[in-house]
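Participant: This is what each chain is made of:
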Amino acid sequence: MRRLVDFILLLVGIVAAWQILHWIAGDIALTSPLDTVEHLGKLLGTERFWLNVAETARAFVAAALISLIGGVALGVVLGLSRTSAIVSEPILIALYSLPKVTLYPLVLLCFGLGISAKIAFGAMHGLIPVTIFTMKAILQIKPVYWRTAETMRLTPGQMAWHVALPAVIPEVLAGARLGFSLTLLGVLIGEMFASQRGLGFMITSAMGLGDIATIMAVALFLSVFAVSANALLLLLDRTAAR
Amino acid sequence: MTAASDGAASGVEIAPRDVHAQLRGVTRVFPLASGAGLHALGPIDLDLYHGEFFAVVGPSGCGKSTLLDVLAGLSPPTDGTATFEDKPIDGVPDGVGVVFQEDASFPWLTVRDNVAFGLRRAGVDEAEIKKRVDYAIGFMGLRDFERAYPAQLSGGMRQRVCIARTLVLQPRLILLDEPFGALDQQTRLLMGDELLRLWRETGATVLLITHALDEAAMLSDRVGVMSARPGRFIDIVETHWPRDRDSRIVSDPGFGAVTARLWEKLRVESLKLMGTRP
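Keeping their order, the protein sequence lines are chains A and B. Residue numbers for the first sequence follow the numbering used here, so the first one is 535 and each next one is one higher. Residue numbers for the second sequence follow the numbering used here, so the first one is 165 and each next one is one higher.
Check the hints yourself; a few may be wrong.
Okay, the calculated beta carbon distance ranges per label pair [as the list claims (entries may be wrong)]:
#	chain 1	residue 1	chain 2	residue 2	range
1	B	287	A	603	28 to 38 Å
2	B	307	A	691	30 to 40 Å
3	A	690	B	251	51 to 61 Å
4	A	571	B	305	52 to 62 Å
5	A	691	B	365	29 to 39 Å
Not the full set, but computed from the structure, chain B residues with beta-carbon under 10 Å of chain A [unchecked claim]:
#	residue
6	207
7	237
8	264
9	267
10	270
The set of hints was computed from the structure by calculation and includes no laboratory data. Even for Gly, the Cβ is constructed at its ideal location relative to N, Cα and C.
Start from the sequences, fold in the hints, and give me the full structure.
Facilitator: Okay, structure coming up:
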């Protein structure tokens with residue numbers, strides 16, 4: 535109950551700040567909350583908007599799956615040996631700190647101007663964090679868990695399924711949450727720079743037309759999606775981490 | 165009650181008792197990166213008799229835990245032979261249960277599921293699991309916490325969970341590696357009583373590794389004192405306590421004599437470790 539009250543207070547605060555900024559900056563820079571919601575309502579009624587949502591969703595789901603499955607698989611392989619983890623961690627972190635957007639032209643050259651470039655760019659953002667989180671989680675399994683499992687004469691399969699997996703789930707979920715939002719970021723950046731479809735493209739084309747209301751409406755739509763998805767994953771995380 | 169009697173320095177041979185686990189000339193050398201080896205343990209000779217409570221004390225780093233690992237089948241001896249129930253130890257033997265110092269309860273399972281863990285993996289049928297888990301949970305005083313998760317329990321309670329988890333597997337030899345090392349003194353004494361109760365009830369052979377002399381003296385039938393690394397037995401002290409003893413034994417006049425003798429031996433070894441001549 536308290537948390538609900540807190541959440542509503544936060545929401546009211548954000549909307550109030552938004553409204554005040556709107557008064558200061560005016561309609562050319564920032565549409566008011568009410569106008570934005572209204573405009574979003576109108577957009578939600580158009581077919582074109584949903585085509586763009588579908589395009590972004592396709593790219594995002596594909597990129598998120600690559601990040602998650604690829605990241606967990608890579609993380610498990612690298613985390614199984616302490617040496618490989620110690621060697622790969624700084625490499626992964628260095629790779630991740632590259633400003634990826636500067637490489638986007640290369641991605642476009644490799645994948646062309648279509649959905650595959652967006653998927654690749656999204657995965658470039660999400661894969662490494664998931665890999666690092668998974669690798670760390672595997673490394674941080676307390677050795678006494680392995681010893682306990684061994685003294686109970688568990689088979690290697692039972693150790694993996696009943697000890698290693700539940701032990702790493704909370705960490706992997708945290709990595710998934712981070713990877714999820716970064717993948718979304720990657721896909722949207724990809725769409726904004728070079729694309730003919732998708733929500734990112736909608737934002738850039740609206741920018742060209744000076745259509746602030748559309749930019750704000752799409753941003754609101756994406757924020758609501760990202761925040762609810764994050765909350766859902768957090769809930770899952772809490773249940774698993776008990 | 166009599167105080168410590170004389171035991172020979174190694175391989176005490178008193179009345180021909182039934183040997184449950186045996187170490188003969190066991191050494192453990194850990195390979196080092198430099199190519200040399202770290203001689204951690206032995207040579208060790210030890211007969212553990214059926215149903216006895218044996219404690220091992222020794223200065224830190226003397227190889228106590230390595231000794232336990234050899235008996236548990238977690239680490240093969242470099243030299244010598246280790247047998248359990250007349251079979252050479254190769255991998256973890258059936259009938260051996262281990263409790264570690266570190267909290268080994270699984271945080272993702274409730275107390276009840278933690279206790280049932282080993283039985284489930286062994287494919288024991290649910291009715292039998294329920295019976296044994298109910299018993300172990302009642303025995304270790306965990307009845308009110310069955311549905312709790314380890315994070316909600318104190319360190320002492322979590323160690324009870326680990327003991328219960330081992331107990332349900334009905335081990336014939338229970339190995340305990342400083343199980344109360346992380347607990348406060350009062351809790352340790354009470355846990356010691358629990359352990360004695362468990363030992364009497366199950367009739368299992370118990371080997372307890374500890375660094376606390378009073379714990380060793382209070383709980384055991386025999387206490388083996390180990391030297392500084394590489395650890396060997398330099399003395400084995402018999403306590404002659406009655407089987408139905410509990411922590412109140414610490415006020416027995418003989419108790420002081422046992423701890424005094426343990427400390428006399430151990431002091432010399434501990435000093436060696438600190439690089440001081442006795």
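Participant: Taking the hints in turn, state whether each one holds.
Facilitator: Now for the hints, and whether the structure bears them out:
1. Checked against the hint of 28 to 38 Å, the C-beta distance between residue 287 of chain B and residue 603 of chain A comes to roughly 31 Å, which is consistent with it.
2. At roughly 33 Å, the beta-carbon separation of residue 307 of chain B and residue 691 of chain A lies within the given 30 to 40 Å, and the hint holds.
3. One distance hint, 51 to 61 Å for the beta-carbon pair residue 690 of chain A and residue 251 of chain B, is violated here, with the actual separation near 23 Å.
4. Restraint check, residue 571 of chain A to residue 305 of chain B: a C-beta distance of roughly 59 Å satisfies the suggested window 52 to 62 Å.
5. With their beta carbons about 34 Å apart, residue 691 of chain A and residue 365 of chain B fall inside the hinted range of 29 to 39 Å.
6. Checking residue 207 of chain B against chain A by beta carbon gives a least distance of about 25 Å; that is not within 10 Å, so the hint is violated.
7. Using the Cβ-Cβ criterion of 10 Å, the hint placing residue 237 of chain B at the interface with chain A is satisfied: the shortest such distance is roughly 8 Å.
8. Nearest Cβ of chain A to the Cβ of residue 264 of chain B: about 5 Å, under the 10 Å cut. The hint holds.
9. Because the beta carbon of residue 267 of chain B sits about 8 Å from the nearest beta carbon in chain A, less than 10 Å, this interface hint is met.
10. Nearest Cβ of chain A to the Cβ of residue 270 of chain B: about 7 Å, under the 10 Å cut. The hint holds.
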